[in-house]
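Novice: The hints should help you fit chain B onto chain A, whose structure is shown.
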Amino acid sequence: EAQVTQNPRYLITVTGKKLTVTCSQNMNHEYMSWYRQDPGLGLRQIYYSMNVEVTDKGDVPEGYKVSRKEKRNFPLILESPSPNQTSLYFCASSLMADGMNTEAFFGQGTRLTVV
Amino acid sequence: AQKVTQAQTEISVVEKEDVTLDCVYETRDTTYYLFWYKQPPSGELVFLIRRNSFDEQNEISGRYSWNFQKSTSSFNFTITASQVVDSAVYFCALGGPSYSGAGSYQLTFGKGTKLSVIP
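Chains as they are written, first to last, in my numbering: chain A, 16 to 130; chain B, 35 to 153.
It should be emphasised that the hints constitute simulated quantities derived from the structure, not laboratory data.
Warning: the hint list may mix true and false statements.
With a cut-off of at most 30 Å between alpha-carbon atoms, the simulated BS3-like pairs for lysine-lysine come out as follows [claimed, not checked]:
| # | chain 1 | residue 1 | chain 2 | residue 2 |
| --- | --- | --- | --- | --- |
| 1 | B | Lys-37 | A | Lys-72 |
| 2 | A | Lys-33 | A | Lys-80 |
| 3 | A | Lys-86 | A | Lys-72 |
| 4 | A | Lys-72 | B | Lys-145 |
| 5 | B | Lys-72 | B | Lys-148 |
| 6 | B | Lys-145 | B | Lys-50 |
| 7 | A | Lys-86 | B | Lys-37 |
| 8 | B | Lys-145 | B | Lys-72 |
| 9 | A | Lys-80 | B | Lys-145 |
| 10 | B | Lys-148 | B | Lys-50 |
| 11 | A | Lys-84 | A | Lys-33 |
| 12 | A | Lys-80 | B | Lys-104 |
| 13 | A | Lys-72 | B | Lys-104 |
| 14 | A | Lys-72 | B | Lys-148 |
| 15 | B | Lys-37 | A | Lys-80 |
| 16 | B | Lys-72 | B | Lys-50 |
| 17 | B | Lys-37 | B | Lys-72 |
| 18 | B | Lys-72 | B | Lys-104 |
| 19 | A | Lys-72 | B | Lys-50 |
| 20 | B | Lys-50 | A | Lys-86 |
| 21 | A | Lys-84 | A | Lys-32 |
Per the computed footprint, the stretches of chain A lying under chain B, defined by three or more beta-carbons under 8 Å from a beta-carbon of chain B, are [what the hints assert, rightly or not]:
| # | region |
| --- | --- |
| 22 | 21–32 |
| 23 | 50–58 |
So these bits of chain B aren't anywhere near chain A, every CB distance computed over 12 Å [stated by the list, open to error]:
| # | residue |
| --- | --- |
| 24 | Ile-45 |
| 25 | Lys-50 |
| 26 | Arg-62 |
| 27 | Ser-76 |
| 28 | Asn-86 |
| 29 | Gln-91 |
| 30 | Gln-103 |
| 31 | Ser-121 |
| 32 | Gln-140 |
| 33 | Val-151 |
| 34 | Ile-152 |
Keep in mind the model is a prediction, meaning the values are calculated, not measured.
Note that the Cβ used here is the ideal one computed from N, Cα and C, for glycine as well.
If we strip away everything but chain B, and leave its shape as in the complex, we get:
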């Protein structure tokens, strides 16, 4: 079975600080996708990034960056110069084959990390 662990339940930072959200995953498969989603206080789920298991290149998008390391099964997310608008719950997710049936795929989420950015 696949599993996603976000060990940090809640993090508080002061505005303009950098913050890293950790994500560790477990899967038996060599082919899978990793995702990050943001859930602001309004409740909707916003897609941030998808990473294929074959692509270990790190990615930067503005103040956001992602560090994918297959060797440690981690897909960490860093926000540089945090802003109050970054306050949200962030979910890491793993998409991959389900073992309940051939050709089936599941999407497994971590429990989320609540980030509070204090002005």
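Here chain A stands alone, though its shape is the one from the complex:
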């Protein structure tokens, strides 16, 4: 089954304790990205990756890191989480066609709480 898998689904952590949210896709998609969803703000792109070893900042990259060592995986790293990073996070992947990203397939989301 084609899917994007995020782990964990729920996470409560303390300020400053490094964490990683994993994301994996089995559709051989070139494009992967991370979003955070906050009430009244919709989905905002954090980072995206056009392909292996190619990453770029989205609209809200501060406080986050990503890596793309393999095509299927795109982990999101919070080196020193802060309470303002409490949010619902989505990973997504999509094919590139005609030089553009096509429809994104989303993971189930990770609800992160930083206390």
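Specialist: Structure of chain B alone, referenced to chain A:
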């Protein structure tokens, strides 16, 4: 930079009414994609439609229809004869070149419209 505006934050309709969700976008580019996604109360994001900037034909899929007008930079979504299962947050999104690096592409979402369909 690209921008997507969904001016309607929340809409309530009575079942069987028609409802239109508005989406206005801004981009400097001539080539881009537009999308609509649905987020039901369960939280997952469900793809509904993708439209290439060169294709201004309207599309109908069952009770759903989309009106793409380049002249007004709008990509509106209409649900005909709404049902309770249509209750969700709907997001419009714009995919296009990023100006942070050559050959990069971003996907920008609007803030969403929460649709409540009352039985």
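Novice: State for each hint whether it applies.
Specialist: Verification of the supplied hints:
1. As the CA atoms of Lys-37 (chain B) and Lys-72 (chain A) are separated by approximately 16 Å, the hinted pair is consistent with the 30 Å bound.
2. With a C-alpha separation of about 11 Å, the suggested pairing of Lys-33 (chain A) with Lys-80 (chain A) holds against the 30 Å cut-off.
3. Note on Lys-86 (chain A) and Lys-72 (chain A): the hinted pairing holds, with a Cα-Cα distance of about 18 Å set against a maximum of 30 Å.
4. Of the supplied pair hints, the one linking Lys-72 (chain A) and Lys-145 (chain B) holds, its CA atoms being roughly 20 Å apart against a limit of 30 Å.
5. Note on Lys-72 (chain B) and Lys-148 (chain B): the hinted pairing holds, with a Cα-Cα distance of about 10 Å set against a maximum of 30 Å.
6. Proposed proximity of Lys-145 (chain B) and Lys-50 (chain B) is supported: the alpha carbons are some 26 Å apart, at most 30 Å.
7. Distance hint between Lys-86 (chain A) and Lys-37 (chain B) is fulfilled; the C-alpha atoms sit about 29 Å from each other, no more than 30 Å.
8. This hinted pair checks out: Lys-145 (chain B) and Lys-72 (chain B) have alpha carbons roughly 12 Å apart, not beyond 30 Å.
9. Of the pairs offered as hints, the one joining Lys-80 (chain A) and Lys-145 (chain B) holds, with about 24 Å between alpha carbons and a cut-off of 30 Å not exceeded.
10. Annotation: proposed proximity of Lys-148 (chain B) to Lys-50 (chain B) holds, straight-line Cα distance about 17 Å (limit 30 Å).
11. Restraint check for Lys-84 (chain A) and Lys-33 (chain A): the C-alpha separation of about 20 Å stays at or below 30 Å, so the hint holds.
12. At roughly 36 Å between alpha-carbon atoms, Lys-80 (chain A) and Lys-104 (chain B) are farther apart than 30 Å, so this suggested pair is violated.
13. With a CA separation close to 28 Å, the supplied pair Lys-72 (chain A) and Lys-104 (chain B) stays within the 30 Å bound.
14. Of the supplied pair hints, the one linking Lys-72 (chain A) and Lys-148 (chain B) holds, its CA atoms being roughly 28 Å apart against a limit of 30 Å.
15. Annotation: proposed proximity of Lys-37 (chain B) to Lys-80 (chain A) holds, straight-line Cα distance about 24 Å (limit 30 Å).
16. At roughly 19 Å between alpha-carbon atoms, Lys-72 (chain B) and Lys-50 (chain B) fall within 30 Å of each other, so this suggested pair holds.
17. Taking the CA atoms of Lys-37 (chain B) and Lys-72 (chain B), the gap is about 19 Å. The hint holds against a cut of 30 Å.
18. Taken as a hint, the Lys-72 (chain B) and Lys-104 (chain B) pair is honoured in the structure, with Cα atoms around 23 Å apart against an allowance of 30 Å.
19. As the CA atoms of Lys-72 (chain A) and Lys-50 (chain B) are separated by approximately 43 Å, the hinted pair breaks the 30 Å bound.
20. Note on Lys-50 (chain B) and Lys-86 (chain A): the hinted pairing is violated, with a Cα-Cα distance of about 45 Å set against a maximum of 30 Å.
21. With a C-alpha separation of about 23 Å, the suggested pair Lys-84 (chain A) and Lys-32 (chain A) falls inside the 30 Å cut-off, and the hint holds.
22. Note: the region 21–32 of chain A has 0 residues with beta-carbon separation from chain B under 8 Å; the three-residue rule is not met and the coverage is violated.
23. Coverage of the region 50–58 of chain A by chain B holds. Counting CB-CB distances below 8 Å, 5 residues qualify, and the rule asks for three or more.
24. Chain A leaves Ile-45 (chain B) outside its interface by the beta-carbon criterion, the shortest separation being 16 Å against a cut-off of 12 Å.
25. Annotated as non-interface, Lys-50 (chain B) keeps its C-beta farther than 12 Å from every C-beta of chain A; the closest such distance is 28 Å.
26. The claim that Arg-62 (chain B) is not at the interface with chain A holds, since no C-beta of that chain comes within 12 Å of its own (minimum 15 Å).
27. The Cβ of Ser-76 (chain B) does not lie farther than 12 Å from every Cβ of chain A; its closest approach is about 9 Å, which violates its non-interface assignment.
28. A beta-carbon of chain A comes within 12 Å of the beta-carbon of Asn-86 (chain B); the shortest separation is about 8 Å.
29. At the 12 Å boundary, the C-beta of Gln-91 (chain B) stays outside the reach of chain A, the nearest C-beta of that chain being 17 Å off.
30. Chain A leaves Gln-103 (chain B) outside its interface by the beta-carbon criterion, the shortest separation being 20 Å against a cut-off of 12 Å.
31. Under the 12 Å C-beta cut-off, the non-interface status given to Ser-121 (chain B) relative to chain A holds; the minimum distance is some 17 Å.
32. Distance check on Gln-140 (chain B): its Cβ comes as close as 6 Å (rounded) to a Cβ of chain A, failing to clear the 12 Å threshold; non-interface status is violated.
33. At the 12 Å boundary, the C-beta of Val-151 (chain B) stays outside the reach of chain A, the nearest C-beta of that chain being 21 Å off.
34. Chain A leaves Ile-152 (chain B) outside its interface by the beta-carbon criterion, the shortest separation being 22 Å against a cut-off of 12 Å.
Violated hints, in rising order: 12, 19, 20, 22, 27, 28, 32; the structure is consistent with all others.
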